[in-house]
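Chemist: Make the full structure from the sequences, and use the hints.
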Amino acid sequence: MAVIKISPDQIIKKKRKGPKGHTVDLTALDDVKSLLGTESRQGDLLIEHLHKIQDKYQHISSKHLVALAHEMNLSTAEVYEVASFYHHFDVVKEGQTPPPALTVRVCVSLSCEMTNAQDLISALEQGLDNNIRVQKVPCVGRCQHAPIAVVGQNSIHQATVESVTTAVNNKETTEKVTEYISMEQYKAGGGYQTLKKVIEGNISTESIMKKMENSGLRGLGGAGFPAGKKWRIVNSFAAPRMMAVNIDEGEPGTFKDRHYLEIDPHRFLEGMIIAALTVGCDAIYVYLRDEYACCREILSKEIANLQCNPPSSMYKMPAIYLRRGAGAYICGEESAMVESIEGKRGMPRLRPPFLAEVGLFGRPTLEHNMESVYWVRDILEKGPNWFSSHGRHERKGLRSFSISGRVNKPGVHLAPAGITMRELIAEYCGGMQEGHAFYGYFPGGASGGMLPESMADIPMDFDTLNQYGCFIGSAAVIVFSNHDSAKKLALNTMRFFAEESCGQCTPCRVGTAKAATLMKEKDWDTDLLEELSSVMVDASICGLGQAAPNPMRCVIKYFPDEL
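Anchor point for the sequence shown: position 272 equals 268 in our numbering, and the numbering is continuous, going up by one each time.
Because the hints were derived from the structure by calculation, they are not lab data.
Mixed in with the good hints, there may be bad ones.
Quick list of in silico lysine-lysine cross-link-like pairs, DSS-like style, CA-CA up to 27 Å [said to hold, decoys possible]:
no., residue 1, residue 2
1, LYS516, LYS132
2, LYS225, LYS312
3, LYS172, LYS297
4, LYS132, LYS340
5, LYS392, LYS405
6, LYS483, LYS510
7, LYS183, LYS172
8, LYS52, LYS405
Computed beta-carbon distance windows for the label pairs [said to hold, decoys possible]:
no., residue 1, residue 2, range
9, GLY499, MET313, 37 to 43 Å
10, LYS378, MET313, 19 to 25 Å
11, SER80, GLN303, 47 to 53 Å
12, PRO556, PRO349, 42 to 48 Å
13, HIS479, ASN127, 33 to 39 Å
14, ILE259, PHE221, 25 to 31 Å
15, SER80, THR169, 20 to 26 Å
16, THR169, LYS553, 43 to 49 Å
17, GLU293, PHE357, 24 to 30 Å
18, LYS193, PRO349, 33 to 39 Å
19, LYS89, ASN478, 46 to 52 Å
Glycine is no exception: its CB is placed at the ideal position from the N, C-alpha and C atoms.
Modeler: Here it is in structure tokens:
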């Protein structure tokens, strides 16, 4: 082989004509500096700062994106990949037309689909002005009021063309804060007394952990890991430790966390701080889904109020940071949520190590669902037996069921763990709607599978539904009737998972999209779908890809007449 030698003198060095990377627009930079004000430019605040631009201009232009990258000392590529990952950021490249200033989002998930959301979308697209964007979106966490339309950030319950048009014409784009138990009212009812005892050392850490363990409380976000055991595990790792509270609540059919936050936010805050102090966490990060504008206003106000008026002056409480999601279902997965809090794309981590050992900012992290800590005060004050004394059919505890669909009384119903679907409908939901016969139900949201009416006498709790290819998860129950098609509802869930897959692993990214295509066919290729399901379950990194086939498999197994 011939070797050509090149001397250094033969190399012509070309001088760069301008600065490396994108040129920063000075006007855009001034805009960004004005929006950020005196707030920190640290990298984990990237998503928070992107929200400021989106809220101000209703989109994120390439100029503002480059300016933000410059201001935060990040690469433009890093800022772009984060902004483009989340559904609620409208990134507009050079030469592209920005979206209209006002967007009307209409939910097309299960409960809203059953109440003719598609017809509402078609009517709005024809009836509203061209300067208003009508957008199909997944579940917005208000399923008991289906169909739902969101005008700006204002949720319209039982939405009609008339009610949405009225809100648009009147510029009603912000949500009114609901009446809730204030800090003064909460304290008048004995609130924060238990936290004060914890702060002042009148209740030992060990006694708290034992009460939590004896209560039998399990994580109420879906996984069901014993809460007391989790506290002890995280506490066993070296400080500093962190706490992260997951209120992303993106599972279609789930709205219990929003329900409790809009009524009694301080019960949640007290339980959260007790958990952090017991485990020895230096800081608490609360991750709230972006669709919950009312909850965000309540928490922002009440966290500041609590920090200015702590229950005791003897000990400084942990720092509390409220972080805003940006429209990504995958961030309900604990490690993806942690990535998002750190200002990154919400990509699930490979495990081990688990968050209890290496979590937020690389520190041991206590991760909890909002409702899990909501019950801490009651358990400590009333005793662990208070919680475990509830239950039916040999199950223990209480469950907050988010119920929507074809029942007379949808909403959040606090019921004994182990209650059956038939009992739940009869005793809590006022029966089925007139003209609708009970046909089937989703026991745990879109990912929890679906069961027919003939299997409505199975106790609903952790582990009781696994043998049937289902799980209770966050107890998001969607009831459907003889006017609905299980086959169409399963397709709705698969389309949702295909849209929400983070794309990190091929089995989930390609599998959900391929399954949705196959499920659109009149005649399902059940053998091919089962083969595809097996690959997704066995090879997906996180629960999204692993659980996505559940409804489809249940249709094949329990609703064969529809095929």
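Chemist: It remains to establish, for every hint, whether it holds in the given structure.
Modeler: Status of the hints after comparison with the structure:
Straight-line distance between C-alpha atoms of LYS516 and LYS132 comes to about 19 Å, which keeps the hinted pair within the 27 Å bound. Annotation: proposed proximity of LYS225 to LYS312 holds, straight-line Cα distance about 26 Å (limit 27 Å). Proposed proximity of LYS172 and LYS297 is supported: the alpha carbons are some 14 Å apart, at most 27 Å. In summary, the hint linking LYS132 to LYS340 is supported, as the alpha carbons are separated by about 25 Å, within the 27 Å threshold.
Distance hint between LYS392 and LYS405 is fulfilled; the C-alpha atoms sit about 25 Å from each other, no more than 27 Å. Between LYS483 and LYS510, the direct Cα distance comes to roughly 16 Å. Compliance with the 27 Å bound is thereby established for this hinted pair. Taking the CA atoms of LYS183 and LYS172, the gap is near 24 Å; set against the 27 Å cutoff, the hint holds. Of the supplied pair hints, the one linking LYS52 and LYS405 is violated, its CA atoms being roughly 39 Å apart against a limit of 27 Å.
At roughly 39 Å, the beta carbons of GLY499 and MET313 sit within the given window of 37 to 43 Å. The supplied range of 19 to 25 Å is met by LYS378 and MET313, whose beta-carbon atoms lie about 24 Å from each other. At about 35 Å, the CB distance of SER80 to GLN303 disagrees with the hint of 47 to 53 Å. Between PRO556 and PRO349 the beta carbons are some 44 Å apart, a value that agrees with the proposed interval 42 to 48 Å.
Our hint of 33 to 39 Å for HIS479 and ASN127 holds, since their Cβ atoms are close to 37 Å apart. For the hinted restraint 25 to 31 Å between ILE259 and PHE221, the CB-CB distance of approximately 26 Å keeps it satisfied. With their beta carbons about 25 Å apart, SER80 and THR169 fall inside the hinted range of 20 to 26 Å. For the pair THR169 and LYS553, the beta carbons lie near 45 Å from each other, so the given range of 43 to 49 Å is met.
The given range of 24 to 30 Å is respected by GLU293 and PHE357, whose C-beta atoms sit roughly 27 Å from each other. Checked against the hint of 33 to 39 Å, the C-beta distance between LYS193 and PRO349 comes to roughly 34 Å, which is consistent with it. The supplied range of 46 to 52 Å is met by LYS89 and ASN478, whose beta-carbon atoms lie about 49 Å from each other.
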